[in-house]
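Novice: The lines below spell out each chain.
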Amino acid sequence: MIQLILSLLVGLVLAVSLYFFARRPKPSAEGSAQRLREARQTLDSLQDGLLPNDLVERIFAREDLEYVIAAAPPDVQSLFLADRKNVALGWVRRVRAAVLELMRFHRGHARLHARLSFSTELRLALNFAGLLTACRLLQITFYLRGPYAAPGMVRTAAAAAGRVCSISENSLAFLNVKGIDPFEGGGARHRA
Amino acid sequence: MEILSQVVAYSGLLIEGVILARGIQNKNFAKYSMFYSYLLTVLVTSVFLQIVRHIVSTPVYGPLYWRLDLVTLALGCGVIVDIPGHVFGGHVSLKRFTQWVAILTFGAIFLAFAIHVAFLPNWKPVANAAELERDLRIAQAIPLLSIVFLTGYYGIEIGKNMKGLILGFGVYAGVSIVLLTLGLFIGAQFSPVWKIVVPLSYIAALSIWTVALWSYEPASASPPEPTDIDYRKLAGRTQQALGSIQEQLDRTPDR
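Protein sequence lines correspond, in order, to chains A and B. With this note's numbering applied, the first sequence corresponds to residues 450 to 641, in that order. With this note's numbering applied, the second sequence corresponds to residues 1123 to 1377, in that order.
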């Protein structure tokens, strides 16, 4: 029975993949110096001006919640929580969009290279998948339980993000060969 | 039913002949020699089987059919190993990766087959030909899926010829996998469906190949080849940007 299910699954996956493969539009012709410069600028803007740090701290500042609870009537409290929830959800959406944009850039640029490192590509793909999953978990958490969600729920998302973080560190060590500085560009190094 | 299967069989021979003739005419034969050799073998074995069918008895035809089917199936695997060379061209790493995927999956199936033959005296290859064909079709599907996935992931353009070749093989392999699996599970009751749908799916694959290979249309120019150091810088910078985004995530509350 397992063999039956697995074989049918392979057939189904092949059918669905071929359907999208047949309908796939022609990719845009990239590779010119201009496109390359634009791609570099995209990456620079992602690295340097992705999201202001103080904004992130402001969105999730617990002092704000404590102040509102202490000073405001219940209807103002619920208005504050609803407002903060929308802001938090908007922030996660932006982070997720940035990850997707970075992923698009990397794939678009990597295809111009004849010799890709399979292990590096695999690590990056896993990192992207991990970050996108972490973003989704945060979105669900904020949506269901608000911006100041229960620590347990947030820790689940954070644990997934932590795993991604350690893989990133290993990957960076691998890439840090003589004459090549993967941190070139001056962005802040993340906390592992 | 018999008339229909005969019509389908002769249509198949006709289309195979058209593809081969057109391949010689437009000089595609030399460019995709592996595929055309495969098709030529299929045509020759099909004609041979048609002749044998009218001369010898059914008990002889059955085992002969499966033996020749396995030979053409093995050649089909060769075509699939050859496809990445045309699809990925200058993308050496992707080409090697997909070719290795194909070689390893086919190798695993043939190794399992050899082990069965060598160590299981009661196991007869012809008696289990349908099972072997299903396994080989699955083995064909895996490299095809990896080609489809990688071209989609990296946005690599595929020419009309190769797109058609992949689609044709994919359609036939997909239908064969599903029908062989159901056939092995359901048994003889499934035979009428098998006898109609499998030849029709092969006609569909041949039709796709006819259209796709009518003229020589490879993918557009190969990508430029930046240096290896450029790639490592790109990967490093992507990784760094990921770290920067990660840092934003780390700042969420209650950590």
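Since the hints were made in silico from the structure, they are not lab data. For clarity, every value in this text was computed on a predicted model and none was experimentally measured. Treat the hints with care, since some could be wrong.
Calculated lysine-lysine pairs in the BS3-like style (CA-CA distance at most 27 Å, straight line) [stated by the list, open to error]: (1) B:K1149 to A:K475; (2) B:K1217 to B:K1153; (3) B:K1149 to B:K1246; (4) B:K1355 to B:K1217; (5) A:K475 to B:K1282; (6) B:K1217 to B:K1282; (7) B:K1246 to A:K475; (8) B:K1153 to A:K475; (9) B:K1246 to B:K1153; (10) B:K1317 to B:K1246; (11) B:K1149 to B:K1282.
A few chain B residues that face chain A, going by a derived Cβ cut-off under 10 Å, partial list only [as the list claims (entries may be wrong)]: (12) Y1187; (13) L1190; (14) R1256; (15) A1263; (16) V1270; (17) W1336; (18) Y1338; (19) R1354.
Heads up, the beta-carbon is just placed ideally off N, CA and C, and yes, glycines get one too.
Novice: Hints first: check each against the structure and report whether it holds.
Specialist: Here's how the hints hold up against the structure:
no.	hint	in the structure
1	B:K1149 to A:K475	26 Å, holds
2	B:K1217 to B:K1153	17 Å, holds
3	B:K1149 to B:K1246	42 Å, violated
4	B:K1355 to B:K1217	22 Å, holds
5	A:K475 to B:K1282	11 Å, holds
6	B:K1217 to B:K1282	18 Å, holds
7	B:K1246 to A:K475	48 Å, violated
8	B:K1153 to A:K475	23 Å, holds
9	B:K1246 to B:K1153	39 Å, violated
10	B:K1317 to B:K1246	23 Å, holds
11	B:K1149 to B:K1282	16 Å, holds
12	Y1187	22 Å, violated
13	L1190	24 Å, violated
14	R1256	6 Å, holds
15	A1263	5 Å, holds
16	V1270	5 Å, holds
17	W1336	17 Å, violated
18	Y1338	18 Å, violated
19	R1354	5 Å, holds
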